[in-house]
Amino acid sequence: MRSIGLPRHHLCFCMCFFLSTLSIAQLPQDEPDSRSAREMAPVDLSGTWTSVIAEDWRYRMVTPPAGELQGLPLNEAAQEIMNAWNPEADEAAGLACKAYGAPNLMRLPGRARITWEDDSTLKIEYDNGDQTRLIHFEQMPSANIQRSWQGYSHAQWVRETTIARGIGFGGVGGGIGEITGPLQINTTHLREGYLRKNGVPYSENAELTEYIVWRRDTVTGDEWFSLISAIDDPQYLRGLYIRSSEFRKETDDAMWSPRPCSAR
Amino acid sequence: MKTIMKKFTPMFFALLFMLTGRTVSAQSGTGGGDYEADLQGYWRNPLYEDNRDRGEGPYIGDYLGLPLNEAALRAAEAWDPTILSLEERQCNDYAADYAAHSIGDQAIWREADPFTNKTIAWRLRLSWMGGQRTIWMDGRPHPPDGAPHTWLGFSTGEWVGPTLVVTTTHLKNTWLRRNGVPRSDKAYVVQYFTRLGNILTIVDHIYDSVYLTEPLVRSSDYILNPAGRMGTFVCETVEEAPRDLGVVPHYLPGENPSLFEFFEVFDLPVEVMQDGADMLYPEYLDRLEQIRAD
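Top line first, the protein sequences correspond to chains A and B.
With numbering that gives the first Met the number 0 applied, the first sequence covers 0 to 263.
With numbering that gives the first Met the number 0 applied, the second sequence covers 0 to 293.
Hints are computed from structural coordinates only; laboratory data are not their basis.
These numbers were taken from a predicted model, which means no experiment stands behind them.
Don't take each hint at face value.
If you want the ones that stay clear, here's a sample from chain A, every Cβ over 10 Å from chain B, calculated [stated by the list, open to error]:
hint, residue
1, Pro-41
2, Pro-63
3, Asn-74
4, Leu-94
5, Thr-114
6, Glu-116
7, Asn-127
8, Asp-129
9, Leu-133
10, Met-139
11, Pro-181
12, Glu-245
13, Lys-248
Interface residues of chain B toward chain A, partial, derived using beta-carbon atoms under 7 Å [said to hold, decoys possible]:
hint, residue
14, Glu-48
15, Leu-72
16, Arg-73
17, Arg-139
18, Pro-161
19, Tyr-191
20, Thr-193
21, Asp-220
22, Leu-223
23, Asn-224
24, Pro-281
25, Leu-284
For glycine and all other residues, C-beta sits at the position ideal for the given N, C-alpha and C.
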């Protein structure tokens, strides 16, 4: 064999170096996963969760005055609709649930009861407004789906890209990895509704992206999740409107208390 | 001997690389091992939640959504906002827990060990008041109880799945809300940093047995702004109002003239102020209905 001009121990070093760097280039594979959404769940979200209203209390626990829009990225069209808010008219028109659509439902004080409807459908019942959301992992929305307060929700477990830091030239020993973590929910096919009970509008073309991020309180041991919601609605919003709401798991269903929608 | 060293040294280092090389693969579950998400960047604070509290400032008497005990209510009632005009207080920093849920953007960057490239610390710089936090990632212990307390405290972090869990101790007394609602220096804070695409959410769990009846849990969202640049924050004190030496603005019990203005402006029942943690939960809707009915 013709020598390439390197001493044998140097060649050995190069080989080892090459093999060790292979791990850096080895990106996670997109292999089809035969497990159901329920089997893939990194945490069990089943149970009853209470909202804990420590933020925006005055906009959530009571209905704020007409015209109050502080903290909202609204355009002029939205402000016109907001100024015309008339809860009596909404009730008379059978639209008392306008503030109970998916973009605002879990922002209201209430309890969420989460169960698996089947292996690929998560059901979220909400006692305030007596609403039910179905979160589909497999079926994508078809074109003829009727618009509704809760719209059509499609979900996936987020596979977060993570970084393992390597050392030296090329980051030896490091690389890119993945962790299955939060639940991402995308909701479309909504009926137009309210982002706050005082008539802040979203249009039927709004797209809602939510993340459920689970955690265990490192001190008390309680289970929590954050519901991070981002609403994209160019018709009424000047940019992505992001809110995060906190929920704590309860030991039982004792405080479950359905109440009907109220426009006031 | 020199020849042997020359021959085996490169092989030794190559073997070392092989042994320390970590397998890169997809993981399930919430355990992240040595992995970490990339939090680096300039994060814009859109102030979409608690906008008034964090921006122009809350009304005196607005204690809504806070699980306060009696001592906290009395301390808050005594608060006079002109205390902030005292020269020794004008440039007070924001505490680590309040800063996350206040005004201002954050810049985050990673500090690495120059040899191993392991993360030693995450650094956070706050655009408002210019405070700089360090979250130690190298496993060092927290200082003993008697160590000095600072505005930003002493923070250590660890990754739990995609979330950086940060524990902060040794904090100074400060406020939970910028209207005098107190947080004591006995408090400690656990924060959960989760990045989802261009959104960074920081959830605070604040434990304060002096002023809270249960942990205060609140979250703040930030949006990645690749064009953002952190400026310099310079604070210089001036004499804002003539005042006799040693005077500390405050109100004695029952003398705060602004305490109930908030409730009048927003047509809220004053009874709410005393209800502490009860007001955080959905069943409080029934209590509100009952108050209004009475």
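Going through the hints against the structure:
Not every Cβ of chain B is farther than 10 Å from the Cβ of Pro-41(A); the closest lies at roughly 5 Å, contradicting the non-interface assignment. At the 10 Å boundary, the C-beta of Pro-63(A) falls inside the reach of chain B, the nearest C-beta of that chain being 8 Å off. At the 10 Å boundary, the C-beta of Asn-74(A) stays outside the reach of chain B, the nearest C-beta of that chain being 15 Å off. At roughly 21 Å from the closest C-beta of chain B, the C-beta of Leu-94(A) stays outside 10 Å, upholding its exclusion from the interface.
Once the 10 Å rule is applied to beta carbons, Thr-114(A) is consistent with being away from chain B; the minimum gap is 19 Å. Consistency note on Glu-116(A): stated as away from chain B, and its beta-carbon is indeed over 10 Å from all of that chain's, at 23 Å minimum. Look at Asn-127(A): its CB is around 6 Å from the nearest CB on chain B, not clear of 10 Å, so calling it non-interface is violated. A cut-off of 10 Å between C-beta atoms confirms that Asp-129(A) is not in contact with chain B; the least separation is 13 Å.
Non-interface call for Leu-133(A) relative to chain B: holds, since the shortest CB-CB distance, roughly 22 Å, exceeds 10 Å. Against the 10 Å criterion, Met-139(A) stays outside the reach of chain B, whose nearest CB is about 21 Å from its own CB. Against chain B, the non-interface label of Pro-181(A) is violated: not every CB pair exceeds 10 Å, the least being about 6 Å. At roughly 5 Å, the least C-beta separation between Glu-245(A) and chain B is not larger than 10 Å, which violates its mark as non-interface.
Residue placement check: Lys-248(A) keeps its beta carbon more than 10 Å from all beta carbons of chain B (closest about 13 Å). The beta carbon of Glu-48(B) is positioned within 7 Å of a beta carbon in chain A (closest approach about 5 Å), and the interface hint is therefore held. Below 7 Å, beta-carbon pairs count as interface contacts, and Leu-72(B) has none with chain A, the closest being about 16 Å; its hint is therefore violated. Using the Cβ-Cβ criterion of 7 Å, the hint placing Arg-73(B) at the interface with chain A is not satisfied: the shortest such distance is roughly 21 Å.
A least Cβ separation of about 18 Å between Arg-139(B) and chain A goes past the 7 Å threshold, and the interface hint is therefore violated. For Pro-161(B), the interface hint holds, since its Cβ comes within 7 Å of a Cβ in chain A; the closest pair sits about 4 Å apart. Hint status for Tyr-191(B): holds, given a least beta-carbon distance of 5 Å to chain A, under 7 Å. A hinted interface residue such as Thr-193(B) counts as satisfied when its beta carbon comes closer than 7 Å to some beta carbon of chain A; here the least separation is about 5 Å, so the hint holds.
Of the supplied interface hints, the one on Asp-220(B) holds, with its beta-carbon coming within about 5 Å of a beta-carbon of chain A, less than 7 Å. Look at Leu-223(B): its Cβ only gets to about 12 Å from chain A, farther than 7 Å, so that hint breaks. Among the interface hints, the one on Asn-224(B) is violated; its C-beta lies about 12 Å from the nearest C-beta in chain A, farther than the 7 Å criterion. The interface hint given for Pro-281(B) holds, since its Cβ lies 4 Å from the closest Cβ of chain A, which is under the 7 Å cut-off.
About 6 Å separates the beta-carbon of Leu-284(B) from the nearest beta-carbon of chain A, less than 7 Å, and the hint is met.
In summary, the structure is inconsistent with hints 1, 2, 7, 11, 12, 15, 16, 17, 22 and 23 from the numbered list given earlier, while agreeing with the others.
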